[in-house]
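Novice: Read off the chains here:
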Amino acid sequence: MTEIFSVFLLILLVITAGAAIRTTNLFVAVMLMGIFSLLIAINFFLLDAADVALTEAAVGAGISTVLFLGALAFMNEQEREQAPKRLAGLISVSITALIIAYATFDKPAFGDPNAPAHQDLAPWFLETTQSAVDIPNVITAILGSFRGYDTLGEVFVVLTAAIGVLFLLDTPSAGNMLKRDEGLRHYLIPRMVGRLLIPFILLFGLYIQFHGEYGPGGGFQAGALVAASMILYALLEGQDRALEVLPQRVLTFLMAFGALLFGGVGVIGILNGANFLDYSVLSSDPVAGQQIGIILIEAGVGFTVTGVLLSIFHAFVARGRTQ
Amino acid sequence: MIVLDLFHYWTFIALLMMGFYTVIAKNNLVKRLLGLSLFQSAVFLLFIGIAKVEGGTTPIFTNLVDTQVFSNPLPQVLILTAIVVGISTSALGLAIILRIKEAYGTIEEDEIQSEEEEA
Amino acid sequence: MLSHLPILQIVVPMLMAPFVLLIQPARLAWALTLATSTLAFAIAINLIPLAAGDSAMIYPIGGWDAPYGIELKVDSLSVLFLLIISGASTFVLLAGYQSLGSEIHEAKLNWFFGAWLLALAGLLGIVVSADAFNIFVFMEIASLASYILIAGGPNRQALPAVFKYLIMGTIGATFYLIGVGLIYIMTGTLNISDIATKLPSVVDQTPILVAAGFISIGLALKAAIFPMHAWLPNTYSFAPNMVTAFLAACSTKIAIYVLLRIDFALFQSNLTGHLLQFKVFLIPLACMAILAGAYMAMRDSLAKKIFAWSSVGQVGYIILGAALVSHSGLTAALLHSFSHALAKGTMFIGIGLLALQAKSGELSSFAGLGRRHPLAAIAITIAGLSLVGIPGTAGFLSKWLLIQAILELPTGAVALLVVVLLSSLMSVVYLARFLETLFFPPAPAEGKVTLPLGATAILLAIAFASIYFGLAPTLPMELATQAADNLLGYGA
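Residue numbers (our numbering), protein chains in the order written: chain X, 89 to 411; chain B, 1434 to 1552; chain R, -12 to 479.
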């Protein structure tokens, strides 16, 4: 049954992607890409990747769509008719497709437990998570501890993106706008419904943050959700009020602080005579130390992601209003 | 199961190629950026497909399910990171497009080029 | 504490970036960035003896040993590139304060220097990482930060150029990721040494071969190897001058570094016939790059673009040396990375300083400026001579080694020699055209008279470094020789 559902979903995925590419209306294309993200998230869920599904839904369908729409507000949403330079594109694409298809013939079968990909490392992670970290979510253990260095890098990638956006567009503040942004303040129904939603989204974000060791979730998804609740607030009450609640310098501080918290936990390891990002020295009991370390760095990730996503959102929206 | 095996692979290839084609053949910068994220999503699907183990579940230890078979957590962790990298690239790309729009008044590549030659 | 140097090399610039965002005024941000970069350079220098010979430094992060955790690995090959990156960043920052101040809006300097530190940390992080996926993460930090730096200047033409770079760079990184995924399917591991031990037992080579293709093409895009160089000339020409100097000195070379490291460690020994494929693909590409780069440099009329095209050609020399797959060829390629970084960095810093006086980037705007600023012009001349390969400069030495490596070839040596000599003649032409513009026309009447003194002194110092390392090449020679050993696996 699941197989049929999977095949159906995969077909739907390709159709949605095709429609997104073919439409000449960019607004429609962005919305279709949002649907695409939701569909691919369901696929990830069916493939046992709950954490990835949650992230893809929050990022691909949520944040990414908001950013694209925010940018489209200043552009012609109609794509001009295509000038034909298709041939070169089609040729290089077909060659790449054939090469990849060629590689598939010798690939181990799908889901085969004896495939080389599932030997050695994967069982080690499952066992060591239980013995050395003792938290139920193996993903969080790998993300936070075994491959924590990748996650540190990831935090700095988002920080870099925020630096870039704030550098290229201006840093927004409630004072330097030409006109006041009223949001949906005069629309009673969306405003009431929206205000009801905000606390729940916020609460769910916090739940995801602190429940990441036990279930799917963690700092990144939580940061995306908290940012989403503030974005909703900005849409309802206007950007000015949102910037009064959380001014840009607070957001900048938040993203710098989160990254430093993560890095700082790593440096504590060095100061205590262990290696960088070794959490077992954080407490007399190494297992407890690992758990403390993971909670701290997840908090760092959450702070940075919240700060980064809100800064980027404000920068995009404010761009049109300062001109 | 064999159907699903090939299907995942074909979907990956199809999405990858659609994204790749959009990136190289389209003229509109926003469209190219959308193609780029499609291109990256295809790779996510490849990795998550690798992670699947027949009969396994999400790699979280719970009392609810008494199975001991879990899907491979490692590729999932890698893709979590890759998704974040993808959105960062998109955000930066959009900011550059906004600035291009302000500087040239268009987001169609050939129009940018022709304005460049006039200037 | 010494055992922590590999991680400190990355973490120091990385963690200073958030501080730089918060610090006011902008001058202090510059000072902090410079101090951090200098510290990174000092760490790299201290790593030279620690990583010498056969003793690579291994640093398991988080105390989790490879292949389960991520490990850093520093050997002579990595140290050579660590020196190039951190040195380039430090000297460009030292000489570039006025130039940056004239091109970047003061209110935005904090963001700019934050991005600079992240670019530095990202590039350094790629070099020391021994994990195929971790390399991808740091490649993205370095790339995103470079896009920011390039787009930062007043020139609007930088924007379409950087967008093209962003698209091609992301395609390159994604291709790399597909390759890593295919390798993971077949071996189940990500650590490069661990992949190397598991690859021989992989029966079916097709996916590995395809992975090799994807990784090579992805990295070739990032390294601007001909014909995938389309993003390079415009990004280098329209970026802020000091950014061009920094990136031209190191960024494409890092992609080549990853390409060589992975190809030599994984594919050459484990794929049948790969050695031949490597040569057959890369030698013609390298030759075309060398000739096309020099030809386009002769024809262009934008000062920076001339030398951006020259970079396309110089990348060709490095690839040519590496594609010979001999010890002497690799030594030549690595030494050329060093001497080219030195010469091209000097050249772009010099152009950047003169550009403080020039009205535009056109060659004609530089007319006579050499007469008014003889010291800067002398530095540019020395750098140019090293690029051409005049005896007595570092550039001569690496080209000489390259020619010797070519002469070792059983067949085809003559054709390659002709390419190298012809391109050297062409580079004399474009260099002469630039120097002629600097020195022969009378100095323009209007404009300021003095260049910043400190910056000029730094510029002269690094220009003379090209001569110093041409006459006393022990340090880079030893590093390059040992690095070639590392790549070919002697003593591994």
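Keep in mind that a hint or two might mislead.
If you anchor each label on the Cβ, the simulated ranges turn out as follows [what the hints assert, rightly or not]:
(1) W387(R) - I183(X): 37 to 47 Å
(2) E1548(B) - I183(X): 47 to 57 Å
(3) Y302(X) - Q1501(B): 45 to 55 Å
(4) H299(X) - L462(R): 53 to 63 Å
(5) A448(R) - I183(X): 47 to 57 Å
(6) Y302(X) - G88(R): 46 to 56 Å
(7) E1548(B) - L263(R): 40 to 50 Å
Hint data in this document are derived by calculation from the structure and do not stem from the laboratory. Where a beta carbon is used, it is the ideal one built from N, C-alpha and C, also for glycine.
Novice: Next step is simple, just say for each hint if it's right about the structure.
Specialist: Going down the list of hints, with the structure as the test:
no., hint, result
1, W387(R) - I183(X): 37 to 47 Å, "holds (40 Å)"
2, E1548(B) - I183(X): 47 to 57 Å, "violated (33 Å)"
3, Y302(X) - Q1501(B): 45 to 55 Å, "violated (19 Å)"
4, H299(X) - L462(R): 53 to 63 Å, "holds (55 Å)"
5, A448(R) - I183(X): 47 to 57 Å, "holds (49 Å)"
6, Y302(X) - G88(R): 46 to 56 Å, "holds (52 Å)"
7, E1548(B) - L263(R): 40 to 50 Å, "holds (47 Å)"
The structure does not agree with the numbered hints 2, 3 stated previously, though it agrees with the rest.
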